[in-house]
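Q: One letter stands for each residue in the lines below.
Number of protein chains: 2
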Amino acid sequence: MKYVLPTLLIATAAMLAQDPQFTSDGQLQKPANYREWVFLSSGVGMTYGNATAQAEASPAFDNVFVEPSAYRAFLKAGKWPEKAMFVLEVRRSAAETKIGKSGRYQTQVIGVEAEVKDSKRFPGGGWGFFDVSNGPGKLLPQSAACYTCHSQNTAVENTFVQFYPTLLDVARAKGTLKPAFLAPEK
Amino acid sequence: MKYVLPTLLIATAAMLAQDPQFTSDGQLQKPANYREWVFLSSGVGMTYGNATAQAEASPAFDNVFVEPSAYRAFLKAGKWPEKAMFVLEVRRSAAETKIGKSGRYQTQVIGVEAEVKDSKRFPGGGWGFFDVSNGPGKLLPQSAACYTCHSQNTAVENTFVQFYPTLLDVARAKGTLKPAFLAPEK
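Chains as they are written, first to last, in this note's numbering: chain D, 19 to 204; chain R, 19 to 204.
To be clear, the hints were calculated from the coordinates, so they are not data collected in a lab. Because the structure is a prediction, the values reported are computed rather than measured. For every residue, glycine included, the Cβ atom is placed at its ideal position computed from N, Cα and C. Please note that a few of the clues may not be correct.
As the list claims (entries may be wrong) - Label-pair distances were calculated between CB atoms; the ranges are:
1) Ala-191/D / Asp-187/R: 35 to 43 Å
2) Gly-44/D / Arg-139/R: 51 to 59 Å
3) Ala-95/D / Pro-141/R: 26 to 34 Å
4) Ile-128/D / Leu-34/R: 33 to 41 Å
5) Pro-154/R / Ala-191/D: 49 to 57 Å
6) Ala-198/D / Pro-197/R: 30 to 38 Å
7) Gln-39/D / Leu-34/R: 23 to 31 Å
8) Arg-110/D / Val-127/R: 21 to 29 Å
9) Pro-159/D / Arg-190/R: 33 to 41 Å
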């Protein structure tokens, strides 16, 4: 046992909840290991913040990752715990040519954004958005499009669970889909 | 310490290497938790095994996940350890319409395949492919297209690291890209 314990401690550090970390002036630190978080899904051409014409010629992929302890909490409850943190990674795409097919695959990162649930820190609605593409990022102002779009169009709380197929099943089972999402289109 | 230890043990179980599990007749068990493994990348329209015309109208996404201990080994060495295991999850796509954009997002699973590195179990080349879409899957025969395609077109060992941008950087730094991948096109 005594030989195993140090390894356990090191290994376990990565399993514990990883709360959002802020600089002294309130900027969100870019999570260094978000690529090892739980992948929720990716889309292509969802044109987050990109010009449409350019995006159609070379559509960007968006990968969404969630901090693992928040993921496990969602599996149990169908909703997010306080301090849940998400990363949206946007990557350019390239055409797959060498093996003679017509697909597109992901290349370099062109943006990294984060969303955090924290009712005390973000009293306006409980959620904050940050651009952490280049390291720590300031809270985006309430006038930013992400607040309105997430508030109006998301399936569960402030998150696009309708695009995360494994979580959509959980939310259906737990009855946590928003009434506005379930309502028939007008 | 004594109160923390049971939690550590439970939490750590998920961090230890998860070796491939086989049935008594040699079928690979479908890894139950592959969606919590490390996501390598996704592509769209890469048409793994699908008819081209149908695929272009509704291109499939492919998500690739790797067992976390193998991922950590690759970060250190730029190559895969024995018993490294990968899952390729293929999902249908749907058009994003509600928020008025032109993107595509992932919907239901249409196939789950696995690749395993094991020099003893697969003496022909050290790698085996399995269709685990419906649970345990038999080793696919050497005549299956995956063996030839992976052998001839992959960037590192038998894996398409050229489509996994974070690992491509590691392989470049470690000098583990295959000569055939680095050679100029004829």
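Q: Which numbered hints are broken by the structure, listed smallest first?
A: Numbers 3, 5, 6 - these are the hints that the structure violates, sorted from lowest upward.
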